[in-house]
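*Asks:* Sequence lines, in order, name chains B and R. This note's numbering runs 118 ahead of the 1-based position in the first sequence. This note's numbering runs 613 ahead of the 1-based position in the second sequence.
In case anyone wonders, no lab produced these hints; they're calculated from the structure. Treat the numbers as computed from the prediction; the structure is a model and nothing was measured. Fair warning: there could be bad hints in the mix.
In silico EDC-like cross-links for lysine to aspartate or glutamate, where the CA-CA straight-line distance does not exceed 16 Å [said to hold, decoys possible]:
| id | chain 1 | residue 1 | chain 2 | residue 2 |
| --- | --- | --- | --- | --- |
| 1 | B | Lys174 | R | Glu713 |
| 2 | R | Lys710 | B | Asp200 |
| 3 | R | Lys681 | R | Asp669 |
| 4 | R | Lys681 | R | Asp670 |
| 5 | B | Lys231 | B | Asp200 |
| 6 | B | Lys121 | R | Glu657 |
| 7 | B | Lys224 | R | Asp669 |
Looking from chain R toward chain B, a few residues come up when the C-beta cut is under 8 Å (computed) [claimed, not checked]:
| id | residue |
| --- | --- |
| 8 | Leu659 |
| 9 | Phe678 |
| 10 | Ser686 |
| 11 | Phe687 |
| 12 | Phe716 |
| 13 | Gly717 |
| 14 | Gly719 |
Beyond 10 Å from chain R on every Cβ pair, some chain B residues (computed) [claimed, not checked]:
| id | residue |
| --- | --- |
| 15 | Ser130 |
| 16 | Met131 |
| 17 | Asn136 |
| 18 | Glu176 |
| 19 | Leu201 |
| 20 | Asn219 |
Positions of the beta carbon are idealized from the N, C-alpha and C atoms, including for glycine.
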Amino acid sequence: ELKVEQNPLFLSMQEGKNYTIYCNYSTTSDRLYWYRQDPGKSLESLFVLLSNGAVKQEGRLMASLDTKARLSTLHITAAVHDLSATYFCAVDGAYGGSQGNLIFGKGTKLSVKP
Amino acid sequence: DAGVIQSPRHEVTEMGQEVTLRCKPISGHDYLFWYRQTMMRGLELLIYFNNNVPIDDSGMPEDRFSAKMPNASFSTLKIQPSEPRDSAVYFCASSPKRYEQYFGPGTRLTVT
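Input sequences plus hints: build the corresponding full structure.
*Replies:* Below, the structure is given as structure tokens:
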């Protein structure tokens with residue numbers, strides 16, 4: 119059974135600081151996704167990582183994937199208040215198959231304070 | 614494109630009543646997913662469809678839950694009878710082939 123673990127689950131940061139959120143998963147997978155959810159809102163896709171070594175960046179967020187270590191990271195650079203949200207990683211549970219079911223981590227609730 | 618559309622956005626009902634949640638996926642997307650989100654259990658996949666056919670319903674909690682997709686542009690999730698523990702936010706998502714999923718705004722269900 120595929121399990122996805124994120125840490126930390128809660129993160130309080132000061133503006134301007136850097137930090138990394140980690141996402142570990144238990145079995146082989148070739149696709150990993152990062153989503154953002156604002157309070158009371160839906161999930162918004164941030165990154166899709168499709169291969170080992172993949173790195174994607176958008177603004178102050180950078181995501182990477184190491185399929186051998188079964189690890190993805192979401193790095194936050196010089197945090198600003200607007201980044202406050204819950205961040206989820208999700209792993210495709212059907213490696214090499216045709217299904218599209220995602221297994222989500224529990225989410226990391228990020229709070230950026232002045 | 615309007616994105617994934619869900620209705621109603623909020624539903625308050627009494628225990629024992631039937632509840633029907635509706636979803637219109639993004640046109641052209643082959644996959645449709647129903648999720649439930651609660652504080653205790655996080656985001657759980659209930660069921661998903663490929664080309665209108667249910668592929669995996671192992672996440673459906675019990676027989677009180679049922680889902681249908683009569684055509685490519687419409688799906689329903691029904692709970693009958695509803696119970697207080699069904700209170701949650703229910704998301705519908707769609708995706709083109711095996712790729713990122715696009716989530717709808719969700720339906721916040723409260724069962725009293």
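*Asks:* Enumerate the violated hints, using their earlier numbering and listing them in ascending order.
*Replies:* 2, 7, 8, 9, 10, 11, 20
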